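Trainee: Sequence:
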Amino acid sequence: MRDLLSVDRIANQIRLRRSTYSGTFLLVEGASDKIFYERFIDRSACEVVSVPGKPSSKLRVIEVLKILETSNFHGVLAIVDADFERLETFLYSSPNWSLD
1 MRDLLSVDRI ANQIRLRRST YSGTFLLVEG ASDKIFYERF IDRSACEVVS
51 VPGKPSSKLR VIEVLKILET SNFHGVLAIV DADFERLETF LYSSPNWSLD
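Using the UniProt record's numbering, you'd call the opening residue of the sequence shown number 1 and step up by one each time.
FYI, nobody ran anything at the bench for these hints, they're computed from the structure. Quick caveat, the model's predicted, so the values are computed rather than measured. Don't be surprised by glycine CBs; every beta carbon is placed ideally from N, CA and C. The reader is advised that the hints may include incorrect statements.
[As the list claims (entries may be wrong)] Here are the in silico distance ranges between beta carbons for each label pair:
1) K54 x T20: 17 to 23 Å
2) S44 x A82: 18 to 24 Å
3) R39 x S6: 28 to 34 Å
4) L77 x S19: 16 to 22 Å
5) S32 x L5: 15 to 21 Å
6) A82 x P55: 15 to 21 Å
Just need the whole structure built from these sequences, with the hints factored in.
Mentor: Following this line, the structure appears as structure tokens:
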């Protein structure tokens with residue numbers, strides 16, 4: 001079901017959470033990434049948000065990040081799988097995201 005949520009809706013959900021949560025939001029590609037990264041973060045300071053979807057959850061994570069950055073939303077980071085981007089030129093660049 002979450003796969004059907006638009007990137008705008010996910011960005012709006014994160015914006016709404018800001019009123020009750022002052023920590024950082026970490027965007028990841030799917031449920032398994034969320035479980036993995038939750039082992040390494042302080043849950044009182046960082047909330048991991050899974051952004052699954054088709055055709056590419058990686059592109060959806062980047063789109064949500066772009067929407068939030070455009071609106072000057074502070075406290076958001078993204079980690080996406082590197083896949084073949086290390087071999088190819090990847091066009092998107094932001095200080096708030098990383099290829100793992």
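Trainee: Now tell me if each hint is right for this structure.
Mentor: Cross-check of the supplied hints:
1. K54 x T20: 17 to 23 Å: Hint violated: Cβ distance 30 Å, outside 17 to 23 Å.
2. S44 x A82: 18 to 24 Å: For A82 against S44, whose Cβ atoms are near 29 Å apart, the range 18 to 24 Å is violated.
3. R39 x S6: 28 to 34 Å: This hint holds: roughly 29 Å between Cβ atoms.
4. L77 x S19: 16 to 22 Å: holds, 20 Å
5. S32 x L5: 15 to 21 Å: holds, 18 Å
6. A82 x P55: 15 to 21 Å: Between A82 and P55, where Cβ atoms are some 18 Å apart, the hint holds.
In summary, the numbered hints that this structure violates are 1, 2.
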